[in-house]
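Enquirer: What follows is the residue order along each chain.
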Amino acid sequence: MDGARLSFWATSKAIKEEIPIVAGMPELGTQTKITWEDQFIHGIETPILGVLIMFALLLVRYLQKKKFEKSIQIDGNK
Amino acid sequence: MNLFRFTCLLLPCFIFAETKSFDFKDSKGLNTVIFQLDALLESINGSASGVSGKIDFDPDDPAVTKGVIVLESSSLRVDNPVLQEHMHGDDWLDVTKFPKIEFSLSNLTRLKVQGRSIHASAEGKMTIRNVTIKMSIPVELTYLEGMLEKRNRIPGDLLIVRSKFSVKRDDFGIRAGEYLDKVANNIEISINLAGVFPSK
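Going down the list, the sequences are from chains A and B.
The opening residue of the first sequence carries number 1 in the numbering used here; numbering runs sequentially from there.
The opening residue of the second sequence carries number 79 in the numbering used here; numbering runs sequentially from there.
Any given hint could be a false lead.
Unchecked claim - Restricting the straight-line Cα-Cα distance to at most 20 Å, the calculated cross-link-like pairs of lysine to any residue (SDA-like) are: (1) B:103 to A:20; (2) B:144 to B:190; (3) A:13 to A:32; (4) A:33 to B:190; (5) B:103 to A:19; (6) B:103 to A:31; (7) B:132 to B:241; (8) A:13 to B:268; (9) B:132 to B:175; (10) A:33 to B:144; (11) B:278 to B:221.
Claimed, not checked - To be clear about the criterion: a stretch of chain B counts as covered by chain A if any three or more of its residues have a C-beta under 8 Å from a C-beta of chain A, and this derived list gives those stretches: (12) 109-116; (13) 149-158.
Claimed, not checked - Ranges of calculated distance between the beta carbons of each label pair, as one might list FRET restraints: (14) A:20 to B:141: 43 to 53 Å; (15) A:53 to B:193: 52 to 62 Å; (16) A:11 to B:118: 15 to 25 Å; (17) A:48 to B:136: 35 to 45 Å; (18) A:39 to B:268: 17 to 27 Å; (19) B:199 to A:53: 51 to 61 Å; (20) A:41 to B:96: 49 to 59 Å.
What the hints contain is simulated information worked out from the structure, not anything from laboratory work.
A virtual CB, placed ideally from N, CA and C, is assigned to each residue, including glycine.
Using the sequences plus the hints, can you model the full thing?
Expert: What follows is the structure, given as structure tokens:
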């Protein structure tokens with residue numbers, strides 16, 4: 001599946017293929033052959049995880065900055 | 079004397095009436111059941127391949143068609159492994175305790191012939207999770223005489239059974255009345271099965 005899809009992570013994909021019931025005579029009807037292929041497909045967890053990681057990194061950076069400013073302030077007081 | 083005449087008249091019916099027992103365990107692995115149900119975020123699509131069973135079909139009298147179609151519940155598959163685990167688990171289908179889903183066909187009603195196919199209502203009983211409910215399912219049967227040879231290289235006939243119907247999980251006690259906002263009650267089922275009758 002191409003493009004964005006609003007669904008959860010999937011680890012397999014159903015590949016559907018129409019097979020004639022009687023070989024060479026599709027006018028008699030077909031049957032759907034479903035083959036499950038192992039494949040990781042991204043879902044909504046991916047952007048959610050991305051946003052969470054971004055916030056976590058911002059928080060770490062903010063805390064580091066705070067710590068750094070505090071250490072400068074202490075050094076300045078000395 | 080009357081009894082003798084009556085027997086003579088009926089005898090040809092018994093001689094020529096041939097009920098064929100079609101086996102639905104397909105060696106080609108194409109007999110599949112497709113299911114779909116709505117969920118909160120996406121529709122759940124899956125398939126099941128563990129189809130077996132036998133249907134007795136008489137081309138001259140299709141109304142008396144009867145038999146059983148069995149589906150191994152552990153063969154139900156979806157694309158999400160967590161979802162599949164839940165579906166097979168104790169709370170939903172409990173595939174270890176209830177390994178089979180069965181439809182027992184007793185007869186066909188409202189038969190309508192359209193070309194090669196017979197459209198009818200399959201009267202029978204559906205069993206899921208040991209809960210049996212009487213059901214009437216719309217079916218399309220196509221009898222292909224002598225076509226097994228072209229499909230499986232064995233002389234014989236084919237019987238194609240197609241149907242689209244829905245079941246309610248509430249009716250079979252599958253988390254009845256629960257999670258209706260997340261997983262729909264209605265399960266759409268689509269079947270397209272080929273049964274084989276090898277001639278001896």
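Enquirer: Give a verdict on every hint.
Expert: Hints and how they fare:
Using a Cα cut-off of 20 Å, the hinted pair residue 103 (chain B) and residue 20 (chain A) holds, with the two alpha carbons roughly 18 Å apart. For the given pair, residue 144 (chain B) sits about 17 Å from residue 190 (chain B) by alpha-carbon distance, which is consistent with the 20 Å threshold. Between residue 13 (chain A) and residue 32 (chain A) the alpha-carbon distance is near 15 Å, which keeps this suggested pair within the 20 Å criterion. Restraint check for residue 33 (chain A) and residue 190 (chain B): not satisfied, since their Cα atoms lie roughly 28 Å apart, outside the 20 Å limit.
In summary, the hint linking residue 103 (chain B) to residue 19 (chain A) is supported, as the alpha carbons are separated by about 17 Å, within the 20 Å threshold. Note on residue 103 (chain B) and residue 31 (chain A): the hinted pairing holds, with a Cα-Cα distance of about 14 Å set against a maximum of 20 Å. Note on residue 132 (chain B) and residue 241 (chain B): the hinted pairing holds, with a Cα-Cα distance of about 16 Å set against a maximum of 20 Å. Only pairs whose Cα atoms come within 20 Å are accepted, and residue 13 (chain A) paired with residue 268 (chain B) is accepted, the gap being roughly 19 Å.
At roughly 23 Å between alpha-carbon atoms, residue 132 (chain B) and residue 175 (chain B) are farther apart than 20 Å, so this suggested pair is violated. Of the supplied pair hints, the one linking residue 33 (chain A) and residue 144 (chain B) is violated, its CA atoms being roughly 26 Å apart against a limit of 20 Å. The hinted pair formed by residue 278 (chain B) and residue 221 (chain B) meets the criterion: a straight-line CA distance of about 18 Å does not exceed 20 Å. Judged by the Cβ-Cβ criterion of 8 Å, the stretch 109-116 of chain B is covered by chain A as claimed, because 3 of its residues qualify and three suffice.
Coverage of the stretch 149-158 of chain B by chain A holds. Counting CB-CB distances below 8 Å, 3 residues qualify, and the rule asks for three or more. Checked against the given bound of 43 to 53 Å, the beta carbons of residue 20 (chain A) and residue 141 (chain B), roughly 29 Å apart, lie outside it. Between residue 53 (chain A) and residue 193 (chain B), the C-beta spacing of about 60 Å keeps the proposed range 52 to 62 Å intact. Between residue 11 (chain A) and residue 118 (chain B) the beta carbon distance is about 20 Å. The supplied range of 15 to 25 Å therefore holds.
Look at residue 48 (chain A) against residue 136 (chain B): about 58 Å separates their beta carbons, and that is not inside 35 to 45 Å. Evaluation of the 17 to 27 Å hint for residue 39 (chain A) and residue 268 (chain B) yields a pass: the beta carbon distance comes to about 23 Å. At about 56 Å, the CB distance of residue 199 (chain B) to residue 53 (chain A) agrees with the hint of 51 to 61 Å. The hinted range of 49 to 59 Å is satisfied by residue 41 (chain A) and residue 96 (chain B), whose Cβ atoms lie roughly 50 Å apart.
Hint compliance for this structure: hints 4, 9, 10, 14 and 17 are broken, all remaining hints hold.
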